[in-house]
Amino acid sequence: MRNEWLRSWPYKALTLIHRAATVIVLLLAASLKADASTDMKTGFELVQATVLGWAQSQAATGIFAFTLLGGAAHLARRMVGSPGTWKAVHSILDYVQDQIFSLEPGTPLHQHRVTLFQYKKLALVRRRWPWSGWLIPKERSGHTTRRTKTVFCAPDSPQQPDGFAGLVWSTRGVVFLPGKDVAPVPQIQQHSAEGLQHEYCRSTFSDFRWLQRRLQHASGDQPRAFCGVPIEVEGARWGVLVVDSTGERIEESARSQLEFSAKALSTILEGVLV
Amino acid sequence: MKTWVHVPEDFATRVPPSSESIGGVQVTVFVSPFDSPTAVRGSFNQQLERFVVEFKYHGNEKTELEAHDRIALRLGKKSRRLYAIELDTQALGVSEITVQVVKAVTSKLEEMRNNAPDVHQRLNLRAVSKALELAQLGPRDDVDSGS
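Residue numbers (this note's numbering), protein chains in the order written: chain A, 6 to 279; chain B, 24 to 170.
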């Protein structure tokens, strides 16, 4: 998950390149229509004619090159997404966090997180082939624990999901874990027994080695309750929104907030390319 | 029902969830807000000479027509969700639109639901059936119609 500075500067730089390329293309196109005759009277007119002559000689190559550059910058800008878009996304995630968990006074909000994962066909992850399809964290609620690097595999088969995010991705529905009549996920910490850790992995579709690596760096309780919703943009799967909590359960009444947020995110993310 | 009949705000909560066993863990999957129709309408299309039942969803998606025997389905290109059912009323031998068309649509939806390969398609078809039920059989003050 990139911070705001790393997101806004590439966007601004790409906007500048796109605008500059557009202006240059327009100037080169206009130069083709101008008269570059050399019978000039003053020095200024001579310089003007020389520049114009040079512009006309370079126009064909220049228009082609700067059109390509402008197009590439525009495409890259859409892939990065505007800082305004990501601010709006962050506000929605904060809203979901506030709406779902505000009923538990005294509990630190970083124990109840809302994370937006984006689907990417290609990613450099050590565990599997880069083209396996991945769910990459793009934004998270609140101000703490935002530097997560946890990436989940996103296969289309729902029988072997990777983590809860992978489960939501493969089922393409709204999922709560644990379900209403299902036993809660065991509470585990750094020094919990291995059997308990295995049980945690089975219940949350997590990889055991991944959990062990995570426990080496995590001091507090691990999330025990999850809910998630798929995000679609213009009919195509974009990613998933996952809510996790160290509490025992997330009430199914959270569904309306999830559905509302999923639709709002879908509209906001229309301008961001996958 | 030529105009769009909007489904209630809490419509998704009325669609029964699907219980799935995934990797030995029992998981309840609810319909996605993108698979849940926001409005429904049905009318006889003079140009096509078919009775068409359409479903509206959040967002826009390209669709494609899948022709079956006497019935054609308009499905989302990427999502495979149901956008419309077109019934060849003549071939079906249907004279009374209201009752028999509903029967034909209901049986087609049930058949599709039984053959749906994915949980999200099954839930979409459940939502579609529920939307039809609300639009046609539900109390009128339960739904609000618009163009």
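None of these hints come from the bench; they were simulated from the model. Please note: incorrect hints may appear among the correct ones.
Claimed, not checked - Under the rule of at most 30 Å between Cα atoms (straight-line distance), these lysine-lysine pairs were calculated in the BS3-like manner:
id : chain 1 : residue 1 : chain 2 : residue 2
1  : A       : 268       : B       : 100
2  : A       : 125       : B       : 131
3  : B       : 85        : A       : 125
Claimed, not checked - Selected chain B positions facing chain A (in silico; Cβ < 7 Å):
id : residue
4  : 101
5  : 125
6  : 127
Claimed, not checked - Simulated restraints, written as ranges between beta carbons of each label pair:
id : chain 1 : residue 1 : chain 2 : residue 2 : range
7  : A       : 126       : B       : 139       : 44 to 54 Å
8  : B       : 126       : A       : 189       : 19 to 29 Å
9  : A       : 214       : B       : 100       : 47 to 57 Å
10 : B       : 75        : A       : 116       : 15 to 25 Å
11 : B       : 82        : A       : 155       : 21 to 31 Å
12 : A       : 241       : B       : 44        : 44 to 54 Å
13 : B       : 139       : A       : 32        : 32 to 42 Å
14 : B       : 100       : A       : 201       : 40 to 50 Å
15 : B       : 75        : A       : 189       : 30 to 40 Å
16 : B       : 100       : A       : 217       : 51 to 61 Å
As the structure is a prediction and not an experimental result, all values here were calculated from the model. A virtual CB, placed ideally from N, CA and C, is assigned to each residue, including glycine.
Hints violated by the structure (numbers, ascending): Checked against the structure, the hints that fail are numbers 2, 5, 6, 7, 8, 9, 10, 12, 13, 15, 16, while the rest are satisfied.
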